[in-house]
Amino acid sequence: MTEQTQTPALRLDGIVKTFPGVRALDGVSFEVRAGEVHALLGENGAGKSTLMKVLAGMHQPNEGRIFIEEREVTMESPLHAKAQGVVLIHQELSLAEELTVAENVYLGELPRKRWGFVDWTTLNAKTNEILKRLNCNFDATTRVSDLSIAKKQMVEIARALTVDAKAVVFDEPTASLTDAEKVVLFDVIRDLRARGVGIVYISHRMDEIFTLSDRLSVLRDGNYRGTLVTAETDEDEVTRLMIGRSLSYERNHEHVELGEVALEVRGLSCGSLYHDVSFEVRRGEVVGFYGLVGAGRTEIAETLFGLRTPSAGTILLEGEEVRIDSPVDAIAQGISLVPESRKEQGLVLGMSCRDNITLPQIGDLTTGPFVSNGAEVAIYDMYRDRLDIRSPSWRQAVGNLSGGNQQKIVIGKWLAMKPRVLIVDEPTRGIDVGAKGEIHNLIRELAKSGYAVIVISSEMPEVLHVADRVIGMYQGEIIRTFDAGEVTEDSLVQAISGIRADKAA
Amino acid sequence: MERLKSNRAGKWLVQNPIWGFIVIIFVFFSLSNEYFFDMRNFQNILVQTSTIGLIALGMTLVMINGNIDLSVGAVVALAASLMVDIQSWEAFSGWGNWQMLPALLAALAAGTALGALNGIIVWKTGVDAFIVTLGAMLGVRGLVFIYTEEQSFFAMNFTFSDIGMSSVGPVPSLAVLFLIATVAVHILLSRTVHGRNTYAVGGNREAAVNAGIRVGPHMVVNFMIVGFFAALAGVTLSSQMGASTPNLGREYELWVITAVVLGGTKLTGGAGSIIGTFGGVLAIGILRNGMNLMQVPAFYVLVILGSILIAVLFLDKQLTRKGAEALKT
Numbered sequence: 003m004t005e006q007t008q009t010p011a012l013r014l015d016g017i018v019k020t021f022p023g024v025r026a027l028d029g030v031s032f033e034v035r036a037g038e039v040h041a042l043l044g045e046n047g048a049g050k051s052t053l054m055k056v057l058a059g060m061h062q063p064n065e066g067r068i069f070i071e072e073r074e075v076t077m078e079s080p081l082h083a084k085a086q087g088v089v090l091i092h093q094e095l096s097l098a099e100e101l102t103v104a105e106n107v108y109l110g111e112l113p114r115k116r117w118g119f120v121d122w123t124t125l126n127a128k129t130n131e132i133l134k135r136l137n138c139n140f141d142a143t144t145r146v147s148d149l150s151i152a153k154k155q156m157v158e159i160a161r162a163l164t165v166d167a168k169a170v171v172f173d174e175p176t177a178s179l180t181d182a183e184k185v186v187l188f189d190v191i192r193d194l195r196a197r198g199v200g201i202v203y204i205s206h207r208m209d210e211i212f213t214l215s216d217r218l219s220v221l222r223d224g225n226y227r228g229t230l231v232t233a234e235t236d237e238d239e240v241t242r243l244m245i246g247r248s249l250s251y252e253r254n255h256e257h258v259e260l261g262e263v264a265l266e267v268r269g270l271s272c273g274s275l276y277h278d279v280s281f282e283v284r285r286g287e288v289v290g291f292y293g294l295v296g297a298g299r300t301e302i303a304e305t306l307f308g309l310r311t312p313s314a315g316t317i318l319l320e321g322e323e324v325r326i327d328s329p330v331d332a333i334a335q336g337i338s339l340v341p342e343s344r345k346e347q348g349l350v351l352g353m354s355c356r357d358n359i360t361l362p363q364i365g366d367l368t369t370g371p372f373v374s375n376g377a378e379v380a381i382y383d384m385y386r387d388r389l390d391i392r393s394p395s396w397r398q399a400v401g402n403l404s405g406g407n408q409q410k411i412v413i414g415k416w417l418a419m420k421p422r423v424l425i426v427d428e429p430t431r432g433i434d435v436g437a438k439g440e441i442h443n444l445i446r447e448l449a450k451s452g453y454a455v456i457v458i459s460s461e462m463p464e465v466l467h468v469a470d471r472v473i474g475m476y477q478g479e480i481i482r483t484f485d486a487g488e489v490t491e492d493s494l495v496q497a498i499s500g501i502r503a504d505k506a507a
Numbered sequence: 086m087e088r089l090k091s092n093r094a095g096k097w098l099v100q101n102p103i104w105g106f107i108v109i110i111f112v113f114f115s116l117s118n119e120y121f122f123d124m125r126n127f128q129n130i131l132v133q134t135s136t137i138g139l140i141a142l143g144m145t146l147v148m149i150n151g152n153i154d155l156s157v158g159a160v161v162a163l164a165a166s167l168m169v170d171i172q173s174w175e176a177f178s179g180w181g182n183w184q185m186l187p188a189l190l191a192a193l194a195a196g197t198a199l200g201a202l203n204g205i206i207v208w209k210t211g212v213d214a215f216i217v218t219l220g221a222m223l224g225v226r227g228l229v230f231i232y233t234e235e236q237s238f239f240a241m242n243f244t245f246s247d248i249g250m251s252s253v254g255p256v257p258s259l260a261v262l263f264l265i266a267t268v269a270v271h272i273l274l275s276r277t278v279h280g281r282n283t284y285a286v287g288g289n290r291e292a293a294v295n296a297g298i299r300v301g302p303h304m305v306v307n308f309m310i311v312g313f314f315a316a317l318a319g320v321t322l323s324s325q326m327g328a329s330t331p332n333l334g335r336e337y338e339l340w341v342i343t344a345v346v347l348g349g350t351k352l353t354g355g356a357g358s359i360i361g362t363f364g365g366v367l368a369i370g371i372l373r374n375g376m377n378l379m380q381v382p383a384f385y386v387l388v389i390l391g392s393i394l395i396a397v398l399f400l401d402k403q404l405t406r407k408g409a410e411a412l413k414t
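Going down the list, the sequences are from chains A and B. Each residue of the first sequence is one higher than the last, beginning at 3 in the numbering used here. Each residue of the second sequence is one higher than the last, beginning at 86 in the numbering used here.
Same shape as in the complex, but just chain A:
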């Protein structure tokens, strides 16, 4: 680290934050100077969001200290953090849609007259003043629901300016902005910097980070990996720092005998979500889809499972063209989907392990009009043993199990359907490291035993570890397909940033 010439606006010292089973932050230290844009990078799960929540007072660190202008502080709540000059601009905007801009900007701190009435004149005047500073062309009395997402973000930023902000944290602010809107946002950020505010800028997008930031810090697996001066580094160095070699996953070098084509997709499109997607999956093969959030991977899976209607293209199962209008059709055709978020989309948390596993095929487990208890328990026992599900009994409510065991229940549920194609979306999201390895081995074993598997993941090591072929997607398009043997981390990063093979070579 360089010698300090200025007082840092914000300094973190040895922050540790643990959750049951996870050490989300393991001694993170870094500092943001007044008047700099400091980018924070890391893969999904590296600890960026947790760090931000600690900064904003939403989480309390287990260890470590936070300094604002070299004064030690504790952040008890988001409001408390804001009062001390640290403001977080959320990735998901948290505005009261039905209130006006001014009411949102001063929410919780509305200026009052006597008897507790709101002082509208002061409120709107003060808000308009801030909006002017931000070059916003809308008025304090506009209803937030009438604004575009970019303008709503400006309202969030305006909130930050109601206090004497020392540090403003932007969490993936451009995720849903157009290019023109980005330019406006960057101007605002540069303006804040010129006023001497320390800015933490979290993003996945290299181009933004290199345009905007003065320095950057990298997190990996909850550890601080170092700070670089942006002008003195390049994407390669940053990527290496982000992904590193220390990860315990092995590359997949297995040689598997491939069977016939189980699934073929030709020219599939779905509105603006993805277009002209073609690929095939053979029996015995794991095909990995890698890309940023919003690249269209999950949407393809949802289309194959009948949750979305494609606008063009054909789907062939074992060479036969099929029409899939609903999950009922997909299941009947032998397509199974382990969804992205198991708690919201995959499991009925209040129901028992057994009932969750047998849910899609319960109609076939009957004797006369009644569900056959014996048949159900037999299926549960079979998949408990096969997947090593650890639960005290089949009666246990799924909500009480660990993330890894919950995921095994979802996978077991779909294996029990004996699918022709198994799609697994983010197989290890929110699962601790030990269980991750188990799930990965399970996916490999399934392929070996003849299943055609699609794995969608935002974690590069995961894709490299489990997939026989990797498809890199960017903004709804397949940029490149790699064989496990030829794929490199650099080329994959380029593919998902939209750089095509010809340019990369």
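There could be a bad hint or two in this list.
What the hints assert, rightly or not - In silico DSBU-like cross-links for lysine-lysine, where the CA-CA straight-line distance does not exceed 30 angstroms:
| # | chain 1 | residue 1 | chain 2 | residue 2 |
| --- | --- | --- | --- | --- |
| 1 | A | LYS55 | A | LYS115 |
| 2 | A | LYS345 | B | LYS351 |
| 3 | A | LYS345 | B | LYS209 |
By construction, these hints were calculated from the structure, which means they are not laboratory data.
Dock chain B against the given chain A, drawing on the hints supplied.
Below, chain B alone, put in the same frame as chain A:
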């Protein structure tokens, strides 16, 4: 507390606190009132609660689905009016006691059809069941007044009112009917595919869709079941009275929901049981009967019932919450 949870009976009681409550009030009324502990009185309680109880069986399914049906009270009035009116139509005058059959079929069909209508609207429009059935509650009540021209109907065939008062052996027919229906719905909910899907749809609708359950048609079936039971309750009620009035069944939806919720069914869906609902129905019946025997004025009874509803649900929350894991709200 921990000891209570450790043995099987204790566990059952924690899951169904209403039955513990029933034991308490049962003992209390038995000791404090000489007329309460009596076979006849018990039969009375069953007959008095059978109307609410029948509807509560269907309501339990709808509420486990995460829906609600507020139109049941109006359906009671409609079914009762159809039952009493149609059996006196001239077309059936030569049918003897069989003239009750077309009336019964019409009443039950009307209730089931209205349930189907509720369900289809909820399914196809996506409007919340609370709103849809609130509209149905007002609309159906209006239909009853149009149909009856604000008149009460009286059954000319005394056999009809005799049925309401009849007994199977020593047990009143209506109590038998209610008990049989309770067992039937219990089996439906706990042992059939439809029952399992009821929990799945209410517990996590998205997961249910992803598991290939046709959620819309499934919910329609449950609305039809509650409509059927509301109509059946209208029939038994009119039989007890030998008459129907257009105002019959007012506030029944509230009593039914009270009983179901007392029995442990969650308003958000996904959890509940017929054993619990049966307990909720009995608890209300015993409290009303017991306080009546003790000559507590009717309005005080309402105040006490309201307080007990809140107290029991608070207790339930205390028993089932997961200690420090629970979110502060």
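Evaluated hints:
1. A hinted pair counts as satisfied when its Cα atoms are at most 30 angstroms apart, and LYS55 (chain A) with LYS115 (chain A) does not qualify at roughly 34 angstroms.
2. A C-alpha spacing of about 19 angstroms is found between LYS345 (chain A) and LYS351 (chain B), which places the hinted pair at or below 30 angstroms, so the restraint holds.
3. Straight-line distance between C-alpha atoms of LYS345 (chain A) and LYS209 (chain B) comes to about 26 angstroms, which keeps the hinted pair within the 30 angstroms bound.
Figure legend: structure checked against the earlier numbered hints; the only hint not met is number 1.
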